[in-house]
Every structure is written in C-alpha cells, then in structure tokens.
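Chemist: Listed below are the residues making up each chain.
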Amino acid sequence: GNSVTQMEGPVTLSEEAFLTINCTYTATGYPSLFWYVQYPGEGLQLLLKATKADDKGSNKGFEATYRKETTSFHLEKGSVQVSDSAVYFCALKLNTGFQKLVFGTGTRLLVSP
Amino acid sequence: GAGVSQSPSNKVTEKGKDVELRCDPISGHTALYWYRQSLGQGLEFLIYFQGNSAPDKSGLPSDRFSAERTGGSVSTLTIQRTQQEDSAVYLCASSLEGTSGRYEQFFGPGTRLTVL
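Going down the list, the sequences are from chains A and B.
So the first sequence is residues 1 to 113, counted in this note's numbering.
So the second sequence is residues 1 to 116, counted in this note's numbering.
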C-alpha cells in the first residue's frame, strides 16, 4: 500500500538554526509529494510540492527534493524563525485520476528566540 | 467566501449521540474531501465527492459514518451513535476538480469533536 513515514517530534530549535524534517514514502506508482503546514489555530496549508523525481519544491525559504532512489522528500530550511513553529505534514498522492492524499503523522516544530 | 469554512469549530457530545458536521467549500470547486485527524494517527481520508458522481466512501471507518453533498456545494458529515474513538479533528477540503489529480486541495480550519 501507499504510506508516508516522517520523523517524530517535537523538533526543538533555536532561531536561525538549520532545520531538517525527514520524510520517506512507499507507493505503488509514481506519486506527487507534498509538505503541508498547520500553524496554531489555523487550517492545513500547502507549503510546497514536487510532482516527479529530482524536482525541488520551495516556498518561504523551505525546500524539499523528490529523491526516487531513496524514496524520500526531506524538508529543509537554512535558518528557522519563531514564526515557523507549526506542525508539518508530509503527504503523497498518486497521479492517476482521483487519489486521496496520504499523510504522515506530522512533526511539531518549536522554534525559540 | 475566501476559503473553506466548517462549523461548528468545536463540538462536545455524549457517547451514543448523533452529530452533524458542516463544510462550505470554496465557490466553484467541484471536488470536496473529508479527512480525520486523530491524536497520533495523522490525517486519514474519509470520503470524496466529485460533481454529481457517486462519492468515494472507501475511507469511512464504519457504517456509523455517512456524508452528503447537496447541490454540489455544502457537505454534511454525520456520525451516528458516537463513540469515544470518534474524538478527532474533522477536516474538509475542496479543489477545483479532483479527477485529474492536478489541483491543490484547500483545507478548512476543522471541527474538533470530543465524545465524552
């Protein structure tokens, strides 16, 4: 089946630290990969996505590269801010017709000043 | 409206009671999805509506769960005879259409359901 595994949190960092949140996937086809973010009290928002191998998604200083050989889509940011504190979800969706989003369990990021 | 809206934002109910959760998708979006976010379980797909087609109910966990979408717009998720394990945040999302897989799903803020 299709599944997403991401690192357990919380991840606690100081402001300006480097961030990596690991995500690996298992899929029966060739999925698109996503990172969603949920800020406190808000709905889930798409952060970035990549639709094929070697694509790099980027937004708001965050990046993730679709690695088919390692079935990974790790989220990185060079210098985190307090405002990045949120829960981050890795997800996949197969590209054939309707396919539901399959999410990881989420990783909470806490950034302190 | 500007985004997907859901009501109520919070619902506390007693075990055995029925509850209805409402979702208003973005105007013009033909695809609508329900997901459930349980503690420690991540987000699980529940049901998908596309236009006037029969919904994909493959994610509904039991026959106590049902959903309708009236007039291709507003959707109601109904949970009958609620159980404590139904406690979760129920998220609704919509997209321009769903069959091509190309369009982003936009999520509402969710309804937090607590079953006592």
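Keep in mind that the hints were calculated from the coordinates and are not lab data.
Mixed in with the good hints, there may be bad ones.
To be verified - So, partial list: chain A residues that the calculated Cβ filter (under 7 Å) puts toward chain B:
(1) GLY43
(2) LEU44
(3) LEU48
(4) PHE103
(5) GLY104
(6) THR105
(7) GLY106
(8) ARG108
Glycine included, every Cβ here is placed at the ideal spot set by N, Cα and C.
Chemist: Hint by hint, note whether the structure agrees.
Modeler: For each hint, the structure was consulted:
Given the 7 Å rule on beta carbons, the hint for GLY43(A) holds: about 4 Å separates it from the nearest Cβ of chain B. Checking LEU44(A) against chain B by beta carbon gives a least distance of about 4 Å; that is within 7 Å, so the hint holds. Taking 7 Å as the C-beta contact cut-off toward chain B, the hint placing LEU48(A) at the interface is violated, the least distance being around 11 Å. At a threshold of 7 Å, the smallest CB-CB gap from PHE103(A) to chain B is about 4 Å, leaving the interface hint in force.
Taking 7 Å as the C-beta contact cut-off toward chain B, the hint placing GLY104(A) at the interface holds, the least distance being around 6 Å. Proximity of THR105(A) to chain B holds as hinted, the smallest CB-CB distance being about 4 Å (cut-off 7 Å). For the restraint placing GLY106(A) at the interface with chain B, the shortest Cβ-Cβ distance is roughly 6 Å, inside the 7 Å limit, so the hint holds. A distance limit of 7 Å between C-beta atoms decides the matter here; for ARG108(A) the minimum to chain B is near 12 Å, and the interface restraint is violated.
In summary, the structure is inconsistent with hints 3, 8 from the numbered list given earlier, while agreeing with the others.
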